[in-house]
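J.: Make a model of the complete structure from these sequences and hints.
These are the residues of each chain, in order.
Protein chains: 2
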Amino acid sequence: MNANKIISKVIKEKGRIRTVFFIGCGGSMIDLYPANYMLNAEASDISSYIYTSREFVLSLPKRLGNDSLVIVCSHSGNTPESVEAAHAAKEAGAYVITITHNKDSKCTAPEFVSWVYPWGDDVKTEYVPVGISLLLAAELIEAQEGFAKHEALIKAIDQIDGVIGKARLKVNEELSNVFANSCKENPFFYVLGSGSAFSQTYGFVICSMMEMQWQNCCHIHSGEYFHGPFEVTENGLLYVIQMSSGKTREMDERALAFLRGHTDRLIVIDALEYGMDSIDSSVREYLDSSLFYAINCELRAARGKLFNHPVETRRYMDIEKY
Amino acid sequence: MNANKIISKVIKEKGRIRTVFFIGCGGSMIDLYPANYMLNAEASDISSYIYTSREFVLSLPKRLGNDSLVIVCSHSGNTPESVEAAHAAKEAGAYVITITHNKDSKCTAPEFVSWVYPWGDDVKTEYVPVGISLLLAAELIEAQEGFAKHEALIKAIDQIDGVIGKARLKVNEELSNVFANSCKENPFFYVLGSGSAFSQTYGFVICSMMEMQWQNCCHIHSGEYFHGPFEVTENGLLYVIQMSSGKTREMDERALAFLRGHTDRLIVIDALEYGMDSIDSSVREYLDSSLFYAINCELRAARGKLFNHPVETRRYMDIEKY
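Note that the protein sequences, when read in sequence, are chains A and B. Position one of the first sequence corresponds to residue 1 (the UniProt record's numbering), numbered consecutively onward. Position one of the second sequence corresponds to residue 1 (the UniProt record's numbering), numbered consecutively onward.
By construction, these hints were calculated from the structure, which means they are not laboratory data.
No copy is singled out in the list; a pair is fine if it fits within one copy or between any two copies.
Derived SDA-like pairs (lysine to any residue); straight-line CA-CA distance at most 20 Å:
(1) Lys62 x Phe147
(2) Lys62 x Lys247
(3) Lys62 x Lys149
(4) Lys12 x Gln144
(5) Lys170 x Ala302
(6) Lys62 x Glu145
(7) Lys321 x His262
(8) Lys90 x Lys106
Just so you know, these numbers come straight off a predicted model, no measurement behind them.
T.: Given below as structure tokens:
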């Protein structure tokens, strides 16, 4: 599949796209977050939204219609809420692209344009949902109104894999054991982040920790931290902070400065120290989430090893009926 | 102030409004959430967004401009991030309405149209930010494209105060002590909710608990619960679930059914049992947040009393420099 060709088809069939809806559940929704974030920051004449699938269906936006592009992501291709959302969008007249790992799934039904992606540690970012959705968003902006950062973004998506490769080594040399051991002493901790990387703040909490490690924790936006959450900060309470490399970084820096003075348990993961300084500063904020995802994977694996709790272990998901 | 008159002025000056941005920090952003939610569900030709103030300024949306209405809420009227956001929006050409409790604040500077609201337990919902923003949104939809639920919403905003009055008594009779005592045994718990009420799921966590009670907890969307977070559920772990009365309720019901079988510590707050059944079902989901806010206030007060931790106590906010 090719983002440029798909967007050409979309525009040929629909004319101008007025609204994009990114739809998924949990990790799949998280993967679409940077594309939604970028569209809203960079497009002057395209609205973009992101919804967890079931809320989208139950509270179907009135502007959803013939001039909408709906991008649904489901790794299994059969997530019931996401399949239902894709059908609801189709019925409303939208152009529906499904992104899935499963070529023989409900998401690859003929009524959808399906992008089937490979999966594994060595698959390049441009071929997985976070990259695919960024590319679709970039091509849409470029096609409809021109996107001055188009080339920079494509280059950044290509470069991020090199950054990630080195970051994996560095995090395992310097941080993974520190983090895993911290979990022994901290039955609960907070994770902070901002910007498009906030998707992986949330993702670290709900996927890597809660789902894969049964570890209690909570996500807080670095900018929101000072409007309530910081009152709970004190020595003995662990904070993990993801420092973005882009425009929202100063929120992370402000939170970090406060945390340094108010807790003795702090883990800092700075995207700039993990190689993001090598990416064009005009677009790197949209790739921070890919870096943090890779780092999150290493951290959860290290915790899994120390706790003898493999990251594949589930007690409810796809085991019980719910 | 009068929402209908303000929106008439907005349209007279700007012509058609294409995009609304709701901007605030913490509790003030939370108050604007139902209006943003309603606009996106009910308007066919108005886009609406909500941002924490600093992220809005740092990642200023390209579509912000002359045809934008920016509604900024700051209780003190001097929240630096929100004041900065109001100025950034004004510079971008938007019509800026500020909603504040402080008539002599930076938010009431002459370049903004300011709505100064009273505050206190007995102020009606239509006069406080959550109601004001809903009314502004309703008037905007009505003026630009017609809003079939306009009258029902106005009536519901009027009725909700009666529901809240009774709910306060009921929660203190039945739940406040149970909740406060639960906090003694649970240094950490989860709060679930959905729809426009999710604003008060988040609000209960970051304002009522973290800020006002130094209580660790975490907010989870009822629909997202099954896509990661539920794996952490087990006996001995406390969950508080806010059951909405509107279209997203079935996500809450699904989460509740699972919780009943997987934890022995569960507190259910059902909007329908607190009087929301008396409100028109086509609009009541937009008022659930007002009900939950009132309940949250009673719950935190009860906890404050039991823990001898008054809800006004702060150790950092407006005390330290940050």
